[in-house]
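Based on these hints, arrange chain L on the given structure of chain F.
Number of protein chains: 2
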Amino acid sequence: MAMLRAAKHAMRALGSRAPDASPFARMLHASTGSKKIVGVFYKANEYASMNPKFVGCVEGSLGIRDWLESQGHQYIVTDDKEGPNCELEKHIPDMHVLITTPFHPAYVTEERIKKAKNLQLLLTAGIGSDHIDLKAAAAAGLTVAEVTGSNTVSVAEDELMRILILVRNFLPGYHQVINGDWNVAAIAYRAYDLEGKTVGTVGAGRIGKLLLQRLKPFNCNLLYHDRLKMEPDLEKEIGAKFEEDLDKMLPKCDVIVINTPLTEKTRGLFNKERIGKLKKGVLIVNNARGAIMDTQAVADACSSGHIAGYSGDVWNPQPAPKDHPWRYMPNHAMTPHISGTTIDGQLRYAAGTKDMLDRYFKGQDFPAQNYIVKEGKLASQYQ
Amino acid sequence: MAMLRAAKHAMRALGSRAPDASPFARMLHASTGSKKIVGVFYKANEYASMNPKFVGCVEGSLGIRDWLESQGHQYIVTDDKEGPNCELEKHIPDMHVLITTPFHPAYVTEERIKKAKNLQLLLTAGIGSDHIDLKAAAAAGLTVAEVTGSNTVSVAEDELMRILILVRNFLPGYHQVINGDWNVAAIAYRAYDLEGKTVGTVGAGRIGKLLLQRLKPFNCNLLYHDRLKMEPDLEKEIGAKFEEDLDKMLPKCDVIVINTPLTEKTRGLFNKERIGKLKKGVLIVNNARGAIMDTQAVADACSSGHIAGYSGDVWNPQPAPKDHPWRYMPNHAMTPHISGTTIDGQLRYAAGTKDMLDRYFKGQDFPAQNYIVKEGKLASQYQ
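From first to last, the protein sequence lines stand for chains F and L.
Take the first sequence: its position 287, counting from 1, is numbered 287 in the working numbering, and each next residue is one higher.
Take the second sequence: its position 371, counting from 1, is numbered 371 in the working numbering, and each next residue is one higher.
Please note that a few of the clues may not be correct.
Chain copies aren't distinguished; within one or between two, either way the pair holds.
Stated by the list, open to error - Dumping the calculated SDA-like pairs for lysine to any residue here, alpha-carbon to alpha-carbon at most 25 Å:
1) 197 / 216
2) 374 / 181
3) 216 / 231
4) 229 / 331
5) 90 / 378
6) 216 / 174
7) 216 / 110
8) 81 / 228
9) 53 / 221
10) 252 / 367
11) 53 / 330
12) 216 / 232
13) 322 / 67
Derived by calculation from the structure, the hints in this document are not laboratory data.
Bear in mind that the values here come from a model prediction, so they are computed numbers and not experimental data.
One chain only, chain F, in its complex shape (with noise of 0.2 Å):
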C-alpha cells in the first residue's frame, strides 16, 4: 500500500515538470528532494530551559531539527508572523512545509497562499485548522493536516477543570486569598456541586467524547448535540442523550461546553439572540475557538449576570489584545490558549508532525483521520 503510494506520488512527480493547469497541481509536486520547512511557534525565552520537554516553542522547534537537518531539509523556525516585513513573509515564496499551532498560530490567508509558491503541505502542530483559508487551500491543491488526537485528551481535561472552577466559584474565594480576605459567604451564595446540574455539549466528536466520558461519574444529566448520533452502545457507555435539534437543547443546560470545529456554520453561533434564549445563570465553557461566540454579547450576558461564568483558553483573535473585553468581564475564568499545548500534549503533536513530515519524504500517505485538506477537499467537519 505504501509501495503504491510512493509509485504514484514518483509518477505525479514526473508529471509535474510540465506546466500543469489543474487546480491540484501543486499537489503533483514531487516530495522527495530537499525541502524547506517553516515553523511557527510561540517563543519560550527563559521558560525555554525550564524542561527539557518543552518542545512546543521555539526553542524546542518540536525536537525535529537534528532529524530535519541530517536528511538535508532546511528548517526555519520563528515566532514572527504578523504583517508585511515579519519573518514569516520571508519565506513565504520559497516554502514547501508550514508547520504551526493554534495556540501562536500563523494565519494563512488566500494572499499567502499565492505568494507560496512552493508551498504542498499545511501541517497543524495540535487540532483545529481555522487559521488557515481551507477553501483556498483546497483551491491551490494543497494538503492540509493536523495531529488529530494528539491533544484531545488535554483540552477535554482542561473543559472539566473549566467546569468545576466555574460550578463551585473558585476564583472569588481565591482572590479572597491573596486579598488577605476570608468571607466563606461571599464564595458560598452562588457555590454549587455539580452533581445532578444539566451538562451540554455543542458537539461530541472526539473531545466532546472524552469530556462526557470523565463527567460520567460526577452523576450529572449529560446532553450532546452533534451531526450524528452515537452508536447505541456507545452513548449507553458515555451516558449522554442526543439533542438533534440544538435550540431545544441549550435552554435545559445548566453548563454549556463548546466542542465545535470553526466553520461558516458555527462562526458567531453564539450570538445575542441565542445567548438571551439560554437559562439565566448558565455557565459556558469553551476551549474550541474564540469566534464561535460573539465577543460583545458574551462581555454584555456576563455584565448582566445572564451567563453566571464564562471560562475558556480561545479568543477572538489571538493573542487577545489588551482592551479584549473577555480580560475585564466579571465571572470569567480565561486563560490564554494553553488546554492542548501540556507537556503531554506537545510530545505528542511533535511525534504526530514528524510521522507526517516522514511520510510526505516517502510519499506515504498520512493517517486519514488527519487531514484536513486532501485533493481538494475539505474533511467533512470543515464543510
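Frame of chain F; chain L shown alone:
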C-alpha cells in the same frame, strides 16, 4: 426499634433527676421539654438575600427557626464565637445543643464544656468535628454527631478541581489574562495532563472513595492508603491499588490528596522530614484539615519548588489570619474553607441537622454513621 429507644430514653430521663456521679451523667438528661439551641455559622451580610437556598449562614440559620420555635424551643444564632465577651460565651452556661460548622467553627474546648452545665448535644452541620475537644466531650457524657455524607460529594468534586488546577497550571494563565499579558510559554513549560500520572490519596473513606471514582476515567495510576483495604470488588471497580505503608506510597505520587480526619495521629503528619521524601515537583491537595500539615514546612517546600503546587480550603487556624504564610507562598491555589458548603451541600446538611434534632426531641437514635462521640466512646476514625 425506635419505640424501644424512646422508652429507654424516657427511663434515663427519669433516672437523671437524681444526682448521678457517672461520667455519662449528661447523656442521661431528658430530651423532652423546651431546649435552648445555639447555632454558630458564618455571617452572610449582603450575600444572605442573594439566594433563597443559602441556608448555611447566620441569616439562613439552616432554615429551621420556624420549625424549632413552633415546638417551643429557643434558637440563638450567631457568628460571634471567640473571646470571653463573645455572644456564644453568653449562652454556654444554659444551652442544651450547640450546632456549628467546620467553615466557621465554634471551638469547643474542655473549659467551655465545663461551663456548659446543660449541654447534651454537639452537632456538626457538615463533616469533621475536630473543633471539639472530643475526649473532654466524651468524658462529660456529651453526644457529638455530624451529618455524615452530607457534603462528601461536594468535597470530592472540589478536590478533583484542585488537582486539575495544579496539574494544568491554571492560575498563571488566569493572572496573565487579568494583567493584560499573553505568554503561553510561561504557562506551558509546567502544564501537564492528569492522564498517566500517579495520584495517591491518604485516606479512602467516604470522600476518598468518591474522589477515586471520579478520577477513574482520567486513566491515572491510582493509589490509596487507609487503615482498611477495600473489599476486592470495590477496589476493582474503583481501580485503585492499596498501599499499606504510607511512607512507601508517598514518594511514588505525582499528586497527593489528603482525605483523613485530623486526629492525634495525623496532626503534623506532613512535617519537613516527610515532605522532604516526596517526589520533587509533587502536587498536594488538602481539603481535609490544615493542621495535618506543618504550615511552615509546606510554605518552605513551595518556595524551594520541592512542592510544585499546593491547593486546599483548610487552614490552621480558621479564619486564616492575614499573615498566614500559605496566602503568600508561590504556586498555591488556596481558598477559604468552602468545599463542603456549596448550596447543595448546605441543603443536605441542614436537612440532616434537622433530622437529628427531631430524633433528639423524640428520644430516638441518630443514624449510626453520624456519631462521633456516643456514650463516652469516640468513633473509630477519631480513636
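Each hint, compared with the structure:
no., hint, verdict
1, 197 / 216, "both (12 Å within a copy, 20 Å between copies)"
2, 374 / 181, "neither (57 Å within a copy, 37 Å between copies)"
3, 216 / 231, "both (17 Å within a copy, 23 Å between copies)"
4, 229 / 331, "neither (33 Å within a copy, 43 Å between copies)"
5, 90 / 378, "neither (28 Å within a copy, 76 Å between copies)"
6, 216 / 174, "neither (27 Å within a copy, 27 Å between copies)"
7, 216 / 110, "neither (43 Å within a copy, 46 Å between copies)"
8, 81 / 228, "neither (37 Å within a copy, 59 Å between copies)"
9, 53 / 221, "between (39 Å within a copy, 21 Å between copies)"
10, 252 / 367, "neither (38 Å within a copy, 37 Å between copies)"
11, 53 / 330, "between (36 Å within a copy, 23 Å between copies)"
12, 216 / 232, "both (16 Å within a copy, 23 Å between copies)"
13, 322 / 67, "neither (39 Å within a copy, 54 Å between copies)"
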